[in-house]
Each structure stands twice: as structure tokens, then as C-alpha cells.
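Going line by line, the protein sequences match chains A and B. Heads up: the first sequence begins at 1 in my numbering, then just goes up one per residue. Heads up: the second sequence begins at 1001 in my numbering, then just goes up one per residue.
Think of the hints as simulated: they come from the structure by calculation, not from any bench. There could be a bad hint or two in this list.
Stated by the list, open to error - Which chain B residues stay away from chain A? Per the calculated CB distances, all over 12 Å, these:
{"hint": "1", "residue": "Asp1033"}
{"hint": "2", "residue": "Ala1051"}
{"hint": "3", "residue": "Glu1086"}
{"hint": "4", "residue": "Ala1143"}
{"hint": "5", "residue": "Arg1169"}
{"hint": "6", "residue": "Lys1184"}
{"hint": "7", "residue": "Ala1214"}
What the hints assert, rightly or not - From the structure, some residues in chain A lie toward chain B, with a derived Cβ separation under 10 Å:
{"hint": "8", "residue": "Ala40"}
{"hint": "9", "residue": "Asp78"}
{"hint": "10", "residue": "Val81"}
{"hint": "11", "residue": "Ile120"}
Beta carbons are placed, not taken as given, at the ideal position from N, Cα and C, and that holds for glycine.
Below are the chains, spelled out letter by letter.
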Amino acid sequence: MAAALAAAENRTIAARGALEPIRVIFVDMPRLVREIVTQAVESQEDMVVVAAVETPEDVLSVLDRQQSRVVVVDGAIDERVVTRLLRRTDSGAVLTLSAAGDGGDLFEHVWLDEASPTRIVHAIRTAASHADGDPA
Amino acid sequence: MSGELAVEGEPLAAPLAVVICARTRLFRDGLGDALEARSRVAVVGRAAAVADCMPLVVRTAPDAVLVDASLEDAEATIRELARLPEAPCVVALAVPDTEDSVLACIEAGAVAFVTVDESIDDLVATLLDLARGEAHASPQLTAALLRRLSHLAARRPDDGAGVELLTSRELEIGALLAEGLSKKEIARELHIELATVKNHVHRILTKLGVSRRAQVGPRLQRLGLPVRSRRSA
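Chain A on its own, in the form it takes in the complex:
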């Protein structure tokens, strides 16, 4: 079962890699965490980090320009801002990472405590698949 799932994910990766990569934007993430996650994302063939911005206001201007489908934000961010992001990324997904807090009605929330780099990469890929209307 696990092997079949992995094979399916690999096929998805290969197919997407042949088309266009998942474009990821980081928002308001502590630099140390951002660098670790960036390293994990950029080791994937089907993903690319297109921007890292410090404030939610910055991301709104970057979103349209970069046509990003996945926005990864720090979980400590104001939930109202995430709601605004969700409205703006109606064809994309917002993934929040945090050590504590409530994911609420966000698309996907990853607790950092036990999240490995591989888990985060998988969550980004899943978010992108949902954004494509193609649940992985």
C-alpha cells in the first residue's frame, strides 16, 4: 500500500515536473526555519521557491506576479491575514507551519514539532494537487 502510494506520488511528481513546477511563496517565516524548508523544497524536481516575503502585505503584491499556487506562512500569523490570503489565492492553497496554535479553517496546517522536511514537502505537494483539483 505504501509502495503504491509512493509510486503514485512519483508519477505525479514526474508529470508535474514535465509541466510546470509548484511555485511556492514563504511569508513571515523565521529565517532559520525558512532556510531549512527552502532546502527541502529546492531538492525536489517539481518545486521552486519563487519568493520569500516578510509581511502579508508584501505577499499580496507578489501573488499575482508570481502566479504561485502554494503560500507557506508562519502559523503565528494573524488568522484574518490568512483569510485574506485564502481569498486572493482562490486557485491556490495556503499552508501554515507552526509550533503551537490552532489551524482553524485553513487549508492545511502542519505542526512543526513532528514535521520532517519530507512531511512538509509532501504537504506542499498535496496542497498544490488540491489547488489543481487533482487530490493526490
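Please arrange chain B on chain A, whose structure you already have, making use of the hints.
Chain B only, in chain A's frame:
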């Protein structure tokens, strides 16, 4: 040698052996792998909890231990590591960028820190600086450290004339004496020989200008050093 990575000015012969103690798996795995990719750092152990960290440090005898500041008991962990007989350098990791947070880690025994807003390269540079016997701090933090040092010095009583400064080991043993531990108990606690404890106690009594162990606690308190009683707890 406690808390020292290498002799100042000497080149590093081998990669720095580092243990990561972090609740966050992203630090244990992701940061660990990122450090491993740098040829000058070798991650020799990764622990998610203090209970796993201590035996790991004793077994691997690393040059440095990175302690995730978001651990609930981060300061206690740092303190415990710093009290090990062959204490490694303790670096507080992902410390909130506030004066209080940084000072708390340093007072617990960390010899360096990296804030959440610093980079992996900053962390590596910090480790290499430690190996050279150096440490860097912002002008603001340097000022805060000086204020803190000045505050501690001001708490020393005037009647301390003639009292030499105790070494960190003597302070440690003096604190245990003040807690009510016997020499044998101190030897067991610190994993050192009884004869070594006796030597330290003799020097402590001399430096504090007292003749009995029971006088050490009150004397340390008058010097402004924190003393707690284990016997009455």
C-alpha cells in the same frame, strides 16, 4: 577545558562534533542535514528530549550541543549540560530575538546563541568562532551583558575585601555545599573523585574566609549568589 572547543588561534584539525537537542523535528532532521553538508561540522547525535540528550552527550562527548530554545526546559537543560564534568560548549538555538531571552540562556550556561532570524551560515560561523575562542554579539547585546555584569558586581558586598573570585567549578561546588550536600554526595553528583572535592572545598573555605562548610551558604548569599536548600525541600 570545560566549555572550550579549541585553543585560540589554532586551526581546526577535525570537523566540530555537534549534538542537536531539539523538540522540533525540522531542526533535528533538516538543520542536522544542512550542518552535515558543511564539511567542518559533524552531527554526532540528535535528541528530541532532555532525557535522551544527556546520555547522548556523555556517550559522544561532542564539542558543542545545540539546544533548541523552544524546549520547555531549555534553560534547565543548558544548566545541566554546563555542569557536566567535561562540559561541551552549549549553543542556544532559535532564541527569540529579545534581550531577556538571550541573557536567560547565557546566564543558564550557554556560551553562544543563534536567534530564529539568523541563518544556517550564521550558526556555522558561530560554531567556528567558538572553536577559535571568539564570540560575537551585537552592540546592543554587548551593552546588555555589560549592564548585567555591572549589576552582579554591584551586588557584591563591601566586606568582600580580600575574597578572591571563585572559579566556576568552585562556585558550582560551593552551591552544592550550600544546598547541604556532603562531600561524598558532591563527588557522586559531579562524577569526580572525593579527593578532588576535598581540595575544592579547602580552596573555597580559604577564598571565602570561612572555617566551616556550614558558613559557605550564608557567605555565598552575602556575595549575591543564588543559594537553595535541597535538604529542606
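A quick look at each hint next to the structure:
{"no.": "1", "hint": "Asp1033", "verdict": "violated, 8 Å"}
{"no.": "2", "hint": "Ala1051", "verdict": "holds, 16 Å"}
{"no.": "3", "hint": "Glu1086", "verdict": "holds, 29 Å"}
{"no.": "4", "hint": "Ala1143", "verdict": "holds, 24 Å"}
{"no.": "5", "hint": "Arg1169", "verdict": "holds, 33 Å"}
{"no.": "6", "hint": "Lys1184", "verdict": "holds, 41 Å"}
{"no.": "7", "hint": "Ala1214", "verdict": "holds, 46 Å"}
{"no.": "8", "hint": "Ala40", "verdict": "holds, 6 Å"}
{"no.": "9", "hint": "Asp78", "verdict": "violated, 18 Å"}
{"no.": "10", "hint": "Val81", "verdict": "violated, 19 Å"}
{"no.": "11", "hint": "Ile120", "verdict": "holds, 7 Å"}
Violated hints for the displayed structure, listed by number in ascending order: 1, 9 and 10.
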